[in-house]
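Take the sequences, apply the hints, and build the full model.
Here is what each chain is made of, one letter per residue.
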Amino acid sequence: MYTFTVNGQVVTTRKKQTLLRFLRDELHLTSVKDGCSQGACGACTVIIDGKTCKACVPTTDRLEGKNILTVEGLSKWESEVFTYAYGEAGAVQCGFCIPGMVMCTKALLDVNPDPAEAEIKYAIRNNYCRCTGYVKIIAAVKLAAKILREGVIPAKSADDWKIGSRVHRLDVEEKVLGFGKYPDDFYMDGMCYGSALRSKYPRARVMSIDASAAKALPGVVAVLTAEDIPGENKIGHLKHDQYTLIPVGGLTHYLGDAVALVAAEDMETVERAKKLIKVEYEVLPTVHSIEEARAMDAPLVFDEEESNVQAYKHVSRGNAKEAIKNAKHVITQHFETPWTEHAFLEPECAVAYIDEDGDVRIISTDQDAYCTFHECSLMLGTDKVKAENALVGGGFGGKEDMTVQHHAALLAYRTGRPVKVRLTRAESLLIHPKRHHFVMDFTMGCDENGRILGVKAKVASDTGAFASLGGPVLERACTHAAGPYAYENFEIEGTAYYTNNPPAGAFRGFGVTQTCFATETLLNMMADEIGITPWEIRYRNAIRPGGVLPNGQIVDESTGLAETLEAVKEEYDAAMAAGKPVGLACAMKNAGVGVGIPDWGRAKLIVEEDQKLHIYAGASCIGQGLGTVLVQMVVSNTDLRRDDIVYERSNTWIAPDSGTTSGSRQTMITGEAVRRACEKLMEAKKDGKTLADLAGQEFYGEYLAKTDPLGADVPNPVSHVAYGYATQVCILDSKSRKIDTMIAAHDVGKAVNPLSCEGQIEGGVVMSLGFALTERYPIDENCKPIDKFGALGLFRAHEIPKIKAIVIDKPGLNVACGAIGIGEITSIPTAPAVTDAYYRLDGERRFTLPISGTPYERKGS
Amino acid sequence: MMAVKKKFPYRAAVVACNGDCPASAGFRCSYGCVGCGNCAAVCKFGAISLNANGVAEVDEERCIACGMCVKICPQQVIRIHECANSIVVKCSNQDRGKDAREVCQTSCIGCGICERTCTAEAVKVVDNCAKISEEDCLSCGMCAVKCPRGVIADLRGILT
Ligand code: SF4
Ligand code: SF4
Ligand code: FES
Ligand code: FES
Chain P
1 MYTFTVNGQV VTTRKKQTLL RFLRDELHLT SVKDGCSQGA CGACTVIIDG
51 KTCKACVPTT DRLEGKNILT VEGLSKWESE VFTYAYGEAG AVQCGFCIPG
101 MVMCTKALLD VNPDPAEAEI KYAIRNNYCR CTGYVKIIAA VKLAAKILRE
151 GVIPAKSADD WKIGSRVHRL DVEEKVLGFG KYPDDFYMDG MCYGSALRSK
201 YPRARVMSID ASAAKALPGV VAVLTAEDIP GENKIGHLKH DQYTLIPVGG
251 LTHYLGDAVA LVAAEDMETV ERAKKLIKVE YEVLPTVHSI EEARAMDAPL
301 VFDEEESNVQ AYKHVSRGNA KEAIKNAKHV ITQHFETPWT EHAFLEPECA
351 VAYIDEDGDV RIISTDQDAY CTFHECSLML GTDKVKAENA LVGGGFGGKE
401 DMTVQHHAAL LAYRTGRPVK VRLTRAESLL IHPKRHHFVM DFTMGCDENG
451 RILGVKAKVA SDTGAFASLG GPVLERACTH AAGPYAYENF EIEGTAYYTN
501 NPPAGAFRGF GVTQTCFATE TLLNMMADEI GITPWEIRYR NAIRPGGVLP
551 NGQIVDESTG LAETLEAVKE EYDAAMAAGK PVGLACAMKN AGVGVGIPDW
601 GRAKLIVEED QKLHIYAGAS CIGQGLGTVL VQMVVSNTDL RRDDIVYERS
651 NTWIAPDSGT TSGSRQTMIT GEAVRRACEK LMEAKKDGKT LADLAGQEFY
701 GEYLAKTDPL GADVPNPVSH VAYGYATQVC ILDSKSRKID TMIAAHDVGK
751 AVNPLSCEGQ IEGGVVMSLG FALTERYPID ENCKPIDKFG ALGLFRAHEI
801 PKIKAIVIDK PGLNVACGAI GIGEITSIPT APAVTDAYYR LDGERRFTLP
851 ISGTPYERKG S
Chain C
1001 MMAVKKKFPY RAAVVACNGD CPASAGFRCS YGCVGCGNCA AVCKFGAISL
1051 NANGVAEVDE ERCIACGMCV KICPQQVIRI HECANSIVVK CSNQDRGKDA
1101 REVCQTSCIG CGICERTCTA EAVKVVDNCA KISEEDCLSC GMCAVKCPRG
1151 VIADLRGILT
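Protein chains in written order, with our numbering: chain P, 1 to 861; chain C, 1001 to 1160.
Derived from the structure by calculation, the hints contain no laboratory data. Here a beta-carbon is modelled for each residue, glycine too, at the ideal position from N, C-alpha and C. Treat the hints with caution; some may be incorrect.
Below, a list of computed lysine-lysine pairs in the DSS-like style, where the Cα atoms sit at most 25 Å apart [as the list claims (entries may be wrong)]:
(1) K1146(C) to K788(P)
(2) K1131(C) to K788(P)
(3) K1124(C) to K859(P)
(4) K1007(C) to K51(P)
(5) K1146(C) to K15(P)
(6) K275(P) to K1146(C)
(7) K1006(C) to K735(P)
(8) K1146(C) to K66(P)
(9) K802(P) to K1007(C)
(10) K788(P) to K1124(C)
(11) K142(P) to K1007(C)
(12) K1006(C) to K146(P)
(13) K16(P) to K1146(C)
(14) K738(P) to K1007(C)
(15) K1124(C) to K784(P)
(16) K1007(C) to K121(P)
(17) K1044(C) to K121(P)
(18) K142(P) to K1124(C)
Which bits of chain C does chain P cover? Going by a derived footprint, with three or more residues having C-beta under 8 Å, they are [as the list claims (entries may be wrong)]:
(19) 1035–1042
(20) 1127–1136
(21) 1140–1153
What follows is the structure, encoded as C-alpha cells:
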C-alpha cells in the first residue's frame, strides 16, 4: 500500500506502476499527457514536493508521503493567470506539451518570481515543444511572472476577432488547463485496448500464424488476422499498397507491418498476448537504400510490382541543357538530405466504438477525418463509418496516413466494444511516414550578371515501405526545385524508390525542403563566383508580379518575394558591415494542392438551438489554429460577435468534406468556403433577422481552387492558385560559433492572426534548425530506425537563437479575404541559410544535412 | 564565510561516490572517496564536508564551483556540474562487475541498464562505470530509477 497526496487529496494504491499510469488510468487526471513514457518529452511533467518531475519516471512505490500537483490542482487564480498569459503570448498551438510547460512555469515562479530569460529557458529545457519553437512559451512565462507579481490580469490586447487581430486562440483554456481531450484522454465504459503485433523482419514471407495460445489467455478479447478484414486489406492515399494486416503467404515490407491485432482488457494482457502469437517467417534479403533499390538484381519490395520504382516525374520547360551550355558560369553539385521524424508530441491514438446508429465511430488524431472515413470504409467494406477529430497533438504531415485508426475500427467492428489503439513512442518512430531522404544532383548556369539561365537536376528519394504520398512529394520537390525566380529553362527528373525502410510521406515542406536546400546553396555559390552578395543575386532573379515562373505560371499581384528580401535588407547589410558571418536563402511554397487536382473547400454554418452560429468544416485543426482563423473569418464577414459563434471540430456526418490539412491549404481554401457561407448568412439576415430568427437554418459555402494539371497544354498553366514567399537570414556569433539571430520574413498575403503567424514562423524555423544542425533518424542495417525520442536531436529551449519573425502583411488575393497559408514555408529556407552562414564563418561548403563542424554537433556520438 | 553572488547557470561540485563501502570494517574502495577531508579544509565557503559515512558531500547552496576541491582531491572523485542537471552518477569504481559488487553496496557494476534505458543516449558505461553527458541529459531520472544498484542519485531528493 502506497500513500501520497495528489492535488491535496490523500490517495492510496496497491499497484506498483508509474505515476503517469496511475494519474491517467486510475485518477483520470488527463492533463498529464503520455508523449513517450521514456522520460524524454516532458508532456507528463507534474510537480512533486515543489519540484518538476516527469510522471512516467517514478513508480508509485517511490512516492510514499510525497505531495503531487497536476494542472488540475492549480488554484483558480493561477489557472486564470496561466490561461491569460499563454493566450496573450500566443504560446499555445497543438497544446500537447502545454500542461507540462505550465507545471514548469509554476514550479519556477513559486521560487523565483522574477526570472531572467536564461532561467526561464532552463526551467523548460527538459520539455520538448515541436510547434512553437519555445519563443512564445518563454514570453508566456515572463508575462505570467509579471501578472503574479502585480496581482492583476490586464485586458486582452486584442479582442475584436476581426481579420488581422492578434486575438487569443479559442482553444487556449482547454489546452492550458488540460481538460481538452485528445483521443488518448477518452476512457469509455467497457473499453478495451488494442495493439498490433509487428513483423519481426523487414522483408519476409509470413508462412503461418498461430494465435491459439494468445486467444486462450484470460483477458484477451480478440486476436485478428488478415482473414478477419471484411473489405479491402490494402489502403492508401492514392495507391492502395498499405496492408492493414499482412496475410499468410504475403510479404512484409518493413518492421512496422502489422501481422495480427490483439484486443484485451488491459495493456499488460495485450502485450503478453502478442508474445504468445506464433508467426513463422521465411526471411528474405532486404532493400535498405536507394542504391540497393535500383540495383539490377534488386529484390522486389512488393510482390505486386515489377520494379522498386514507386514514382517517376519529369518536369521540363525551355531547354535547360542548351542554356547551361551557353552560360558563362556553371556549377554542378551533389546534395543529400536525411530522413526526418515529425516528432509531434502526441503519439498516434484512436478510439473506435459502435455508436447509437450501429456505425463504427472513430475518434482520431489525424489531418483529415474524411480520409480516415474513406480508408476505414474501404477496409471494412461498408460506409457505416463515422470519423471525428479530437484535439490533435501536432501533425506536420505525419498524421496523414492510417496508423491506428483502421486497426481500432476493425477491432471495434469485430468485438462490438470500444477499443483504444495507441502507438508507443517507439512504434510511432517506426510507423508513420517520415520526411523523405533525398539524393540530388544539380547544375545551374548563370550569365555574368548572375541572371539564372537554366537549371538541370536529377533527384531520387527513398519512399520506404509503401507509397503514402511519395508521388506527390516527389512532384512538389521537382516543381519547386526551380525556386522563386524568373527564368525559362528548367529540367528535372525525379524517382522515388520503395525500400524496406520505414515509409516516407508528407512532412512540412512536402519535398520542397529538400530541393530548396540544393537550389539555394547553388545560388549562394554562384553569388560568390560572380562577386555579388547572396542577397543581390536573389534580388536580381526574384519573381515579381506579372513575371513568369520556370513552370510557366504567370504570377499574380500578390507575389511578395522582393518585399521579403527588402524586409531583411537593413539587418542583413548591418551584419555584413559588422563582419559577422551571415547566410541567406529564399523559398516559395504553394498554398493548396494545385496541379489540376480538384481542391475543394466546404463549410456549413448552422444556427443551432443555443441561437449561436456553429461552424462545421471537415477540415482538421492539427494545432495550427484553424478554428480561430475560421471564427475570425466569420466575424469579419458578418455582423456577429465572437460570442455568437461556436467552432466545431471536424467530423464526417455534419461537416462537409473540406480536404486534408496539407499543402498549407486550410486557411485559404476552407477560409474562402466559410466566407462564401457568410455571404449567404448575411443575405438571410438582411431584413433585420437575428440568429434566434434563423434557428435551425444552414448556410453552405464551397470553393474550388481551380488549377491546371502538370504538363497541361496551355502556354502559361496555373499550377497553384497561390504561393507564399520567404527570405530567411542566419547571423552567427563568430566567437561562440553558434547562431545569434534568425530573421524570417514571410509574405502571407493578409495575416488573419499575426500572433499565430509569428508562432508558425518561430516553430517552423526552430524545426528546421534541427533539420540543418542536429536532427537524426538513423536506420540500421536491419532497417530498424531509432526508437528513442530523446536522441532525435530536437532543439531544446535553451538552445534556440533569437528569432525575428517578420510578417509581411499585404492585401493578398481575392480569396479568403487575402489570406495565404503559411504552415510549411516557414521550414523551407532555414537549412540553406544556416549552411551558408557556416560557410561564411569557416570557409567550408557543406552539401549534406545535418551539417557537421558546428558547435551543435553531439559530442558523444 | 564569504558570500558570493552566483552567476546563472549555477554550477557546483559533486562527489562521485556514495560511500557505501563497509568503512566499519576499515575497508575502502580504492576508487572512491577516502574521507581525507582535504576538500573540506580547502573550501573557503564551507560548502563541502564529510557526512555520516565519512564521505565528502557538497552543499550546493554554498558552493560557487571554484574548483579548489576538485584540484586537491587525491582520489579525483570530485567534479563540477551544472546544478540544473540533478541526476548524477555517484560512483567512480572502475572494477569489473563482480569485483565492484564486492567492495560496495552501491557501486556501479557496469551492467549497462542505464545506457539502454536512457532515451537521450546520454549515459555511457566507460571503464566499467556509468558516465552521463550533461549536455545531452534531459534530467528525467529514468536511469536513477532503473539502476539496480542505486548508483545514480537525484540531488533534488525526489526520485532517490
Ligand atoms: S545501471 Fe547502475 S550499476 Fe548498471 S551501469 Fe548504470 S549506473 Fe552502473
Ligand atoms: S536522467 Fe534521463 S536523460 Fe539523463 S542520463 Fe538519466 S536516463 Fe538519460
Ligand atoms: S511521457 Fe514522460 S517524459 Fe514523455
Ligand atoms: S504546442 Fe508544444 S508541442 Fe504542440
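Against the structure, the hints come out as follows:
1. Taken as a hint, the K1146(C) and K788(P) pair is honoured in the structure, with Cα atoms around 16 Å apart against an allowance of 25 Å.
2. A threshold of 25 Å between alpha carbons decides the hint, and for K1131(C) with K788(P) the separation of about 19 Å falls inside it, so the pair holds.
3. At most 25 Å may separate the alpha-carbon atoms for a hinted pair to count; K1124(C) and K859(P) meet this at roughly 12 Å.
4. Between K1007(C) and K51(P), the direct Cα distance comes to roughly 21 Å. Compliance with the 25 Å bound is thereby established for this hinted pair.
5. About 18 Å separates the Cα atoms of K1146(C) and K15(P), which keeps this hinted pair within 25 Å; it holds.
6. This hinted pair checks out: K275(P) and K1146(C) have alpha carbons roughly 23 Å apart, not beyond 25 Å.
7. Proposed proximity of K1006(C) and K735(P) is supported: the alpha carbons are some 24 Å apart, at most 25 Å.
8. The suggested pairing of K1146(C) with K66(P) holds, with an alpha-carbon distance near 20 Å, which does not exceed 25 Å.
9. With a CA separation close to 21 Å, the supplied pair K802(P) and K1007(C) stays within the 25 Å bound.
10. Of the supplied pair hints, the one linking K788(P) and K1124(C) holds, its CA atoms being roughly 15 Å apart against a limit of 25 Å.
11. Straight-line distance between C-alpha atoms of K142(P) and K1007(C) comes to about 20 Å, which keeps the hinted pair within the 25 Å bound.
12. This hinted pair checks out: K1006(C) and K146(P) have alpha carbons roughly 24 Å apart, not beyond 25 Å.
13. With a C-alpha separation of about 14 Å, the suggested pair K16(P) and K1146(C) falls inside the 25 Å cut-off, and the hint holds.
14. Note on K738(P) and K1007(C): the hinted pairing holds, with a Cα-Cα distance of about 21 Å set against a maximum of 25 Å.
15. At roughly 21 Å between alpha-carbon atoms, K1124(C) and K784(P) fall within 25 Å of each other, so this suggested pair holds.
16. For a cut-off of 25 Å, the pair hint linking K1007(C) to K121(P) stands: about 15 Å separates their Cα positions.
17. For the hint linking K1044(C) to K121(P), the alpha-carbon distance of about 31 Å lies beyond 25 Å, and the restraint is violated.
18. The straight-line distance between the Cα atoms of K142(P) and K1124(C) is roughly 37 Å, outside the 25 Å bound, and the hint therefore fails.
19. As drawn, the region 1035–1042 of chain C meets chain P at 0 residues by the rule of a beta-carbon pair under 8 Å; below three, the given contact is violated.
20. Requiring three or more residues with a Cβ within less than 8 Å of a Cβ of chain P, the coverage given for the region 1127–1136 of chain C holds, as 3 such residues are present.
21. Counting residues of the region 1140–1153 of chain C whose CB falls under 8 Å from any CB of chain P gives 4; the rule of at least 3 is met.
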